[in-house]
Amino acid sequence: CLSLPTPPAQLPYVPQVSPMALLGKVTATTFALERPRCVFDGHADASDAVWLAVAFANASAAFRNPLSRADVPLYQQLPTARSYMTLETAATAYSCSAPSPAVLRVGSDTACRDQGRQDPCNGPLPSPGPYRVKFLLMGCGGPKAETRWSEPILLRRAASPSTIDPAPPRRGSAVVVIASILASLGAALATAVLGALGAKVWGSLCHQDLGTDTFIRRSYRTHHIPPAPPQPLPPGCGCSPPGLCHSAPQAPAPCQT
Amino acid sequence: MAKSDDCVHILQGLLVFGNVVIGMCGIALTAECIYFVSDPHGLYPLLKTTENGDIYAAAWIGIFVGLALFALSILGIIGVIKASRTLLLVYIILMLITFAFEMASCITAATHQDSFTPELFLKQMLERYQKSEPANNSDNEVTKTWDELMIQNHCCGVLGPSDWQEYTSAFRRTHSDADYPWPRMCCALDAQRLPVNLDGCKLGVPGYYNSNGCYDAISGPVSTHAWGVAWFGFAILCWTFCVLLGTMFYWSGIEY
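Those protein sequence lines, which keep their order, are chains A and B. For the first sequence, my numbering begins at 1 and goes up steadily by one. For the second sequence, my numbering begins at 1001 and goes up steadily by one.
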């Protein structure tokens, strides 16, 4: 391969995060780019490859295109070189006529980070960035065309769950209503019971006549009672009105025992 | 005296009717609380760990209060018909004790219902789901409960899958963000509980993941539980209050 004397062609295409409504298009360590269709037609041969260059946003101006495939900065060099290249794809995959998935996911290869691989791979991004990306068409003689740098892409930052405050914003009014009404009902009942018991105890202590209060009678079992001969009344028994005691059977007046 | 006899009979009739209603409501309360305690939605492990398990204590109290109300209502009916001071005094005292217990259950249920905010479940889920060294068995139960919840209700997280993106979590410590933006249970699963399209799920393509939050599936049954215990108990207590007042008036009028 001969190395090309001319600098790579500047394509007007600007890479961007996929405009589709995808919830996971930007996560904490990955992002999904729109696939550049028809961008490299006219510049690319069948053997060329399209690379994605990823750099920290403040290091994108200092990025120098590699002169050959052997010089491509690797994913493992991102912390020091502040940039790397990945997603090596045949240029024919980006042509107008190729059917293709709609997005390119940067950072999807988790095996890349764990093993000590020395080949270009698509590892997850180590920090939220921001990053800028551009596509680079590499032939066997070096870069043939490049797109423009994208806008800075900032990845998600996750907060700690200790910042979540689980306390309810305000006490509901229903609790207050239930508690207050129930408390007042309970207090009223307790007062009524104590009052009734206290009145009975007071009454029995003072031997007061409570006969007129009783109005409820036990159910009497009726049985035939022959008319009784007139008997002298017991001394403590009061008839009402006094002096009008009959011998005929009548409903017994309540007596004090 | 016929008029006061009629009044007495009316009072007796009302008290018997009141006690019949109390008995039936007691049975209904017992049945309702047994239903809640049986945890048909499998949400008890989530509530147990958030110090809000008291709502189950309220339901347990409701079971026994309901049975006590039924038994006491029978005692009350017998006492009213026989006009027995002893029976009615026992009835009043035991009813007061039952009233106090049911009051505690109602207030507990109403208080805890307020505290079921989304943030409560979110914090618990983030801290305990898929915890790698589970401190005790309850963490495993939380994980299993959440997995079943997400599969059965086709939901993810408390407010949505972005819960897993917005906050770090115990899950995130063992599962990398690139491979697991959200748990696998959030993906649309086939009959073998494997994701239908894993890449689509990771990217968030509509149709391949559950985009709803599970908060509605949790708070719906739990709120019903809390309101059922609180408000039904409150209604029973209001009715019981009236019946008890009538019984006390009746008791004070019975001759020795």
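It is worth saying that the hints were derived from the structure and are not from the lab. Fair warning: there could be bad hints in the mix.
Here are the computed lysine to aspartate or glutamate pairs in the EDC-like style, where the Cα-Cα straight-line distance is at most 20 Å [claimed, not checked]:
| no. | chain 1 | residue 1 | chain 2 | residue 2 |
| --- | --- | --- | --- | --- |
| 1 | B | 1048 | A | 165 |
| 2 | A | 25 | B | 1166 |
| 3 | A | 25 | B | 1179 |
| 4 | A | 25 | B | 1199 |
**Request:** Measure nothing beyond the straight line between the CA atoms of residue 1048 of chain B and residue 165 of chain A; if it is 20 Å or shorter, mark the hint as holding.
**Result:** The hint holds at about 19 Å.
**Asked** Has the given pair, residue 25 of chain A with residue 1179 of chain B, been kept, meaning a C-alpha gap of at most 20 Å?
**Response** Satisfied, since the Cα-Cα distance of roughly 13 Å is no more than 20 Å.
**Hint consistency between residue 25 of chain A and residue 1199 of chain B [alpha-carbon to alpha-carbon, up to 20 Å]** = 12 Å, holds
**Asked** Taking 20 Å as the top limit, are the C-alpha atoms of residue 25 of chain A and residue 1166 of chain B close enough?
**Response** Holds - the C-alpha atoms of residue 1166 of chain B and residue 25 of chain A are around 14 Å apart, at most 20 Å.
Against the hints set out earlier in the document, no violation occurs for any number.
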